[in-house]
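Trainee: The lines below spell out each chain.
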Amino acid sequence: MKNIKFIIAGIIFGIILIKSEAASWFRIQEMFRFQSFHMYGIIGSAVTIGIFSVLLLKKLKIKTFNKQQIDLSVNKPKYINTLFGGIIFGLGWAIAGGCPGPFYALLGAGNLIYIIPITGLITGTIAYGMVRNKIPH
Amino acid sequence: MMNLITEPWPWYVSGPLIGLTVPLLLLLGNRRLGISGSFKHICASCIPKGKIDFFNYDWKAQSWNLFFAGGIVLGGYFTSIITNINYTVAISEETKHDLTAFGVENLNGLFPVEIFNWEFSNVILLTIGGFFVGFGARYANGCTSGHAIMGLSLLKPGSLVAVIGFFIGGLIMTHLIYPFIF
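Residue numbers (the numbering used here), protein chains in the order written: chain A, 1 to 137; chain B, 1 to 182.
None of these hints come from the bench; they were simulated from the model.
Even for Gly, the Cβ is constructed at its ideal location relative to N, Cα and C.
Mixed in with the good hints there might be a few duds.
To spell it out: a stretch of chain B is covered by chain A in this simulated footprint if at least three of its residues, at any positions, have a beta carbon under 8 Å from a beta carbon of chain A; those stretches are [claimed, not checked]:
hint: 1; segment: 17-29
hint: 2; segment: 51-59
hint: 3; segment: 91-99
hint: 4; segment: 113-127
hint: 5; segment: 151-158
Chain A extracted, bound-state conformation (with noise of 0.2 Å):
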């Protein structure tokens, strides 16, 4: 079972994402309107705290647990899907107070209700894959 590891990885994810409430719509509402840090602080300390540790992996040349080369290579950066498909996401966002993660966290943390935005993302999902080749990329 070299899954569990993931499994493991994704619980303490899961539970980071309620306790530290970037789970909440009303944090979500809260960030939109510019009225606090909190939300900019989680998503600042962590990119920082991501782009040292990556710096650190490489500069140290880490292996991963299994001994194997990390890979850090970047594709050559596209801009109209990021910015036409961010700005989708977002609009969604907004709505429904939470990314992927969150809906994932709360559906089990009890709220059943989850259910809905989570079919329409399963939705959205299956649309894009249908009209890929007829949007610009």
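With the hints as your guide, set chain B onto chain A.
Mentor: What follows is chain B alone, placed relative to chain A:
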């Protein structure tokens, strides 16, 4: 220590912990943090082969992501049994004022029960919200975790554009469209 169990965590505790997920997943097996991809894999596993090109790939090679997502569900469950999650989130007075103005008066819990319920109009609203999240995440090839956390950690310019897009969309919805919905 007890406070960390019963109280919500301040940003300077939770933010760095979220950041540490980046090296954790890399060290565990060269995996990049990302959550919305799991929904793509769920679709790929259900949709018959050959129907939609986008879902024609070896999703089993990415199955770690489904285990990670399953873990998040479990993490939410454990949090709900260990601590009370039906407290009132300490949002700012201005936000409370703004939300009350368009009818969100019950500020208990992590989300408003006035919107998150089985009333037909709300089901439609939440489905549309979820649809945009799902469509946008695939179009942008990542969500908040994949772009805002992982992509920015790798200093990817495309991820920065995606995050700017997330905020453009969120601000348009909150400030320009909300007044018409509520």
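Trainee: Enumerate the violated hints, using their earlier numbering and listing them in ascending order.
Mentor: Every hint satisfied by this model.
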